[in-house]
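J.: Chain by chain, the residues:
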Amino acid sequence: MGKFILQRVGAALAVAWIALSAAFVVLRALPGDAVDATLARTGTSPAEVAARRQALGLADPLWRQYAAYLGGVVRGDLGESLVTGQPVAQMIGQNFGPTAALAGSALLVGVALGMALGLAAGLAPRRAPGWLAEGVAALALSMPVYWTATLAIYLFTVVLAVLPGVGGGSPRQLILPAAVLGFHTAGSIAQVTARSIRRTAAQDFVRTARAKGLGEADVTDHILRVSLLPVIAVVALQLGFLLGGTVVTESIFVRQGVGRLLLAAIDNRDFPVIQGIVTLTALTYSLIHALADVLYALADPRVRVEG
Amino acid sequence: MLTSASMRRRLPVSLGVLGVLIAILCLAGVVVALLALRAGLDDKDGGNRIVYGLTLNPSGFDPHIHISNELGIPFYSIYDTLIYRHPQTMDFVPGLAERWEMAPDGLSWTFALRRDVTFHDGTPFNAQAVAANLDRITNPELASGKALALLGPYTGYTVVDDFTITLHLSEPYAPLLDGLSQVYLGMASPAALREYSKNTYQWHQVGTGPYRLEEIVPGDRIILRRNPEYAWGPVFYAEATDQSVDTVEFRFYTDPATRSLALESDAVQMIGELLPTDVELLLGNTQLRVLRVPIPGLPQQFFFNTKRAPTDELAVRQALLYATNRTEIVDAVFQGQSPVAHGPLTATTPFYDPAVEALYPFDPTFAQSLLLGAGYGDSDNDGIWDRDGEPLRLTMIFPSWNQTPEVAQLIQSEWRDIGIEVELIRVPDFPTLRSYALEGDFHLIAFYDFGVEASLLNQFYMTGGANNWSGFSDSELDGWLHEAVRQVDAGTRAALYSSVQQRIMEQAVVLPIREYVNLNGTTARLDGVIFSAQGWWPLLRNLQLRP
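In order, the protein sequence lines correspond to chains B and V. My numbering applies: residue 1 is where the first sequence begins, and numbers increase by one. My numbering applies: residue 1 is where the second sequence begins, and numbers increase by one.
For the record, the hints were derived by calculation from the structure and aren't laboratory data. There could be a bad hint or two in this list.
Claimed, not checked - Quick list of the computed label-pair ranges, beta carbon to beta carbon:
id, chain 1, residue 1, chain 2, residue 2, range
1, B, Leu132, V, Phe362, 51 to 61 angstroms
2, B, Leu62, V, Ser369, 49 to 59 angstroms
3, V, Ser435, B, Gln7, 40 to 50 angstroms
4, B, Gln65, V, Pro547, 52 to 62 angstroms
5, B, Ser45, V, Asp161, 30 to 40 angstroms
6, B, Tyr66, V, Val235, 52 to 62 angstroms
7, V, Gln502, B, Ser45, 26 to 36 angstroms
8, V, Ser413, B, Trp147, 26 to 36 angstroms
Unchecked claim - Here are the simulated SDA-like pairs of lysine to any residue, each with C-alpha atoms no more than 20 angstroms apart in a straight line:
id, chain 1, residue 1, chain 2, residue 2
9, V, Lys307, V, Gln459
10, V, Lys307, V, Asn468
11, V, Lys307, V, Glu506
12, V, Lys198, B, Arg53
13, B, Lys212, B, His222
14, B, Lys3, B, Ala14
15, V, Lys198, V, Glu141
16, V, Lys198, B, Ala51
17, B, Lys212, B, Ala201
18, B, Lys3, B, Ala297
19, V, Lys307, V, Thr395
20, V, Lys198, B, Pro87
21, V, Lys307, V, Tyr436
22, V, Lys198, B, Gly85
23, V, Lys307, V, Ala437
24, V, Lys198, B, Gly57
25, V, Lys198, V, Val217
26, V, Lys307, V, Ala466
27, V, Lys198, V, Ala132
28, B, Lys212, B, Thr200
29, V, Lys198, B, Glu48
30, B, Lys3, B, Leu291
31, V, Lys198, B, Leu56
32, V, Lys198, B, Ala89
Quick caveat: nothing in here was measured; it's all calculated off a predicted structure. We put the beta carbon where it would ideally sit given N, CA and C, even for glycine.
Can you build the whole structure from these sequences, using the hints too?
T.: Right, here's the structure in full:
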């Protein structure tokens with residue numbers, strides 16, 4: 001088991017390194033840099049623009065910039081924002097809490113709602129609760145977050161006026177974004193749960209159980225035990241969706257967070273900030289996956305690989 | 001015996017129904033919670049406090065370093081400037097400087113400073129404080145984006161006495177006073193500048209203005225509190241009353257669609273840059289007000305690429321101007337909330353010349369006759385005009401903000417009617433826009449900037465100007481633009497800028513669309529909503545919140 005965990009953590013680090021390098025290369029392939037986004041806009045002379053670029057190290061050869069950046073990351077230094085001069089780690093730190101709160105509560109909503117819908121759709125197919133659950137799950141999957149969010153804001157803060165208007169800060173202002181993001185997370189959890197239940201229900205051992213004369217209640221019991229396992233994996237996968245979803249949700253709901261920080265950094269071509277966020281996101285995501293793998297292995301010994 | 005086994009076995013049945021039950025329970029819980037929340041919504045704490053919605057997250061907050069117009073919305077009230085521009089007359093009025101005088105040779109300006117001013121941290125304001133600010137702004141390590149540029153040919157200062165300072169220039173520079181009236185040259189406490197580094201001062205800004213900076217959380221909020229000591233405001237600042245706003249909390253509503261919703265739900269009491277399409281609806285709400293604030297400077301416009309065929313031909317550019325129905329565009333896209341633009345400056349900008357309004361009325365027939373004269377025609381009858389086998393195809397580059405994509409689409413359809421094909425390229429951000437401009441890979445490109453001082457034109461229209469994306473070059477125009485910056489006499493400048501505006505339009509360098517208007521929404525309880533001469537920055541001092 002120890003070796004298994006070590007393998008997974010190693011893989012997570014490798015993924016983070018690949019994400020960092022990809023971000024580094026892709027960003028530099030985009031037109032423009034932080035100097036174009038800020039200084040050059042005000043009609044500053046080309047000579048001054050060039051001097052500023054030199055001072056920020058943006059004129060160095062790419063390999064040197066990469067080596068310097070990677071060296072810093074290994075020492076735990078994510079660099080400084082090219083625009084505000086603030087340390088990147090500090091910027092992410094300031095914004096991490098609100099994003100974690102949003103993603104965490106959205107995940108809770110998503111798992112609860114998704115499992116409920118999935119159970120209804122899987123256990124009561126071709127009946128009213130099943131149809132309803134499938135319909136809701138399909139809506140959650142097909143509507144863009146942007147649209148649901150705007151609709152929810154209009155409905156709950158303007159028409160019904162039961163929730164405070166959008167903004168950050170108060171815990172009550174977390175309700176709407178968490179519900180919207182959670183609703184969309186629920187879609188795929190519900191579909192995987194329902195599909196897994198149906199697949200299990202079609203298996204031989206279920207037919208055997210029925211042939212044996214086992215009551216429908218006991219059959220369901222057997223089905224659920226087997227079919228809920230894949231849901232762990234899908235919940236971990238949803239974290240990827242959540243991390244992306246927070247970018248849009250934070251903007252619409254006027255919340256502080258890593259997602260908005262990332263959007264602003266992209267507009268300003270603030271390379272160190274973007275790279276820092278991408279690296280940390282990749283690391284978080286792959287570590288959570290490693291954790292899910294371990295949990296999965298604990299829950300189902302068949303998964304544990306030999307060697 | 002029987003109980004435990006059958007209980008365990010019966011569990012799955014309830015699990016099956018459980019899904020539906022959980023869903024119902026969730027719904028019930030939500031409804032109860034909503035009702036409880038609704039009851040709790042009304043007991044808001046009193047006090048004169050407003051939330052002000054900003055529309056973009058400034059890339060930085062230090063006015064001496066950073067460039068955004070948005071940062072002035074909070075910080076115009078944190079700082080005082082040596083000179084102010086009167087919002088109504090656009091004239092210069094005393095700020096921290098009581099009087100000022102230009103030397104006869106135009107190479108120095110002497111400012112007599114107020115003696116009764118203290119910074120928020122208690123530091124007295126004097127000539128040494130002004131000197132400390134100038135030292136900071138001109139320090140190359142600060143990498144000032146705008147403040148330094150506003151000083152123009154500034155070379156240094158002389159502290160004459162404790163309350164008199166002289167600024168020296170290498171050549172006469174009329175726009176200096178305008179620069180000194182902008183938030184970017186706001187006077188910061190020398191003690192605070194010493195205490196904090198170039199990067200950390202922005203979180204601890206200290207000025208002399210009517211509001212103090214209480215808190216900045218980047219990406220989340222900026223909180224200002226009224227300065228009770230403030231008694232040295234310019235003539236257009238109101239006296240403080242019981243209804244003055246004590247606390248202003250700024251939040252960032254970067255998504256345009258949510259701005260009117262935030263206003264309607266009372267999450268904000270004041271917000272800028274409403275969508276024109278939302279205004280009609282908001283006007284029907286008696287709890288709210290909408291103010292149209294014209295922004296001086298360049299209009300929302302497209303530059304022609306005068307270096308690339310076919311827009312390098314005057315006749316083609318003129319034809320395109322005649323072929324554009326600007327009134328239709330302004331009505332459709334901006335719901336008639338903005339004036340149509342006719343020239344390189346907007347009508348509220350000092351030295352605007354209304355003579356440009358008579359040029360280029362919408363006349364597609366005349367546009368086609370100009371193209372005919374230039375040798376174009378539809379030789380292959382495919383609806384697209386051509387010349388020497390080359391179809392008349394243009395590329396238009398524009399950003400995604402300020403409804404520019406909708407404007408571009410309308411232009412595309414208007415021009416198609418007279419046989420011109422336009423390829424639309426929408427870019428996500430400024431660096432991408434700029435890269436198209438630098439490569440010259442376009443026929444039309446959307447670009448504009450704001451400012452009260454007509455010398456703003458220089459960077460866009462002078463030969464080799466830093467933002468001369470049209471590639472236009474006219475030595476006579478260069479001469480006028482240069483001279484207008486050196487001349488202080490308003491009459492002389494007005495005559496020069498008249499020639500400038502007419503020449504730019506005669507040469508059809510630019511396709512103006514609409515004058516920029518900031519659509520601000522406020523609660524109807526808020527009075528005294530006035531903006532600075534620059535248009536963007538509210539005078540928080542004058543706001544009055546009725547209970």
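J.: Now look at each hint and say whether the structure bears it out.
T.: A quick look at each hint next to the structure:
Between B:Leu132 and V:Phe362 the CB atoms are about 56 angstroms apart, so this pair conforms to the stated range of 51 to 61 angstroms. Checked against the given bound of 49 to 59 angstroms, the beta carbons of B:Leu62 and V:Ser369, roughly 54 angstroms apart, stay inside it. Under the hint 40 to 50 angstroms, the C-beta atoms of V:Ser435 and B:Gln7, about 44 angstroms apart, fit the expected range. Judged by the Cβ atoms, the range 52 to 62 angstroms given for B:Gln65 and V:Pro547 holds: they are separated by roughly 58 angstroms.
Here the CB-CB span from B:Ser45 to V:Asp161 is close to 35 angstroms, well matched to the stated 30 to 40 angstroms. In this structure the supplied range 52 to 62 angstroms holds for B:Tyr66 paired with V:Val235, their Cβ-Cβ distance being about 57 angstroms. A hinted range of 26 to 36 angstroms holds for the C-beta pair V:Gln502 and B:Ser45, which are about 28 angstroms apart. Checked against the hint of 26 to 36 angstroms, the pair V:Ser413 and B:Trp147 passes, with Cβ atoms roughly 27 angstroms apart.
Note on V:Lys307 and V:Gln459: the hinted pairing holds, with a Cα-Cα distance of about 17 angstroms set against a maximum of 20 angstroms. Restraint check: the Cα-Cα separation between V:Lys307 and V:Asn468 comes to about 12 angstroms, which is no more than 20 angstroms; the hinted pair holds. Between the alpha carbons of V:Lys307 and V:Glu506 the distance comes to roughly 17 angstroms, so the proposed pair stays at or under 20 angstroms and holds. With a CA separation close to 18 angstroms, the supplied pair V:Lys198 and B:Arg53 stays within the 20 angstroms bound.
The straight-line distance between the Cα atoms of B:Lys212 and B:His222 is roughly 13 angstroms, inside the 20 angstroms bound, and the hint therefore holds. Note on B:Lys3 and B:Ala14: the hinted pairing holds, with a Cα-Cα distance of about 16 angstroms set against a maximum of 20 angstroms. At most 20 angstroms may separate the alpha-carbon atoms for a hinted pair to count; V:Lys198 and V:Glu141 meet this at roughly 9 angstroms. Annotation: proposed proximity of V:Lys198 to B:Ala51 holds, straight-line Cα distance about 18 angstroms (limit 20 angstroms).
Restraint check for B:Lys212 and B:Ala201: the C-alpha separation of about 15 angstroms stays at or below 20 angstroms, so the hint holds. Straight-line distance between C-alpha atoms of B:Lys3 and B:Ala297 comes to about 13 angstroms, which keeps the hinted pair within the 20 angstroms bound. Annotation: proposed proximity of V:Lys307 to V:Thr395 holds, straight-line Cα distance about 14 angstroms (limit 20 angstroms). Restraint check for V:Lys198 and B:Pro87: satisfied, since their Cα atoms lie roughly 13 angstroms apart, inside the 20 angstroms limit.
Simply put, V:Lys307 and V:Tyr436 have alpha-carbon atoms about 14 angstroms apart, close enough for the 20 angstroms limit, and the pair holds. Simply put, V:Lys198 and B:Gly85 have alpha-carbon atoms about 9 angstroms apart, close enough for the 20 angstroms limit, and the pair holds. For a cut-off of 20 angstroms, the pair hint linking V:Lys307 to V:Ala437 stands: about 12 angstroms separates their Cα positions. For a cut-off of 20 angstroms, the pair hint linking V:Lys198 to B:Gly57 stands: about 18 angstroms separates their Cα positions.
Annotation: proposed proximity of V:Lys198 to V:Val217 holds, straight-line Cα distance about 18 angstroms (limit 20 angstroms). Restraint check: the Cα-Cα separation between V:Lys307 and V:Ala466 comes to about 16 angstroms, which is no more than 20 angstroms; the hinted pair holds. Between V:Lys198 and V:Ala132, the direct Cα distance comes to roughly 13 angstroms. Compliance with the 20 angstroms bound is thereby established for this hinted pair. Proposed proximity of B:Lys212 and B:Thr200 is supported: the alpha carbons are some 17 angstroms apart, at most 20 angstroms.
Distance hint between V:Lys198 and B:Glu48 is fulfilled; the C-alpha atoms sit about 19 angstroms from each other, no more than 20 angstroms. For the given pair, B:Lys3 sits about 14 angstroms from B:Leu291 by alpha-carbon distance, which is consistent with the 20 angstroms threshold. Between V:Lys198 and B:Leu56, the direct Cα distance comes to roughly 15 angstroms. Compliance with the 20 angstroms bound is thereby established for this hinted pair. For the proposed pair V:Lys198 and B:Ala89, the alpha carbon gap of about 19 angstroms is at most 20 angstroms, so the pair holds.
Checked against the numbered hints above, the structure breaks none of them.
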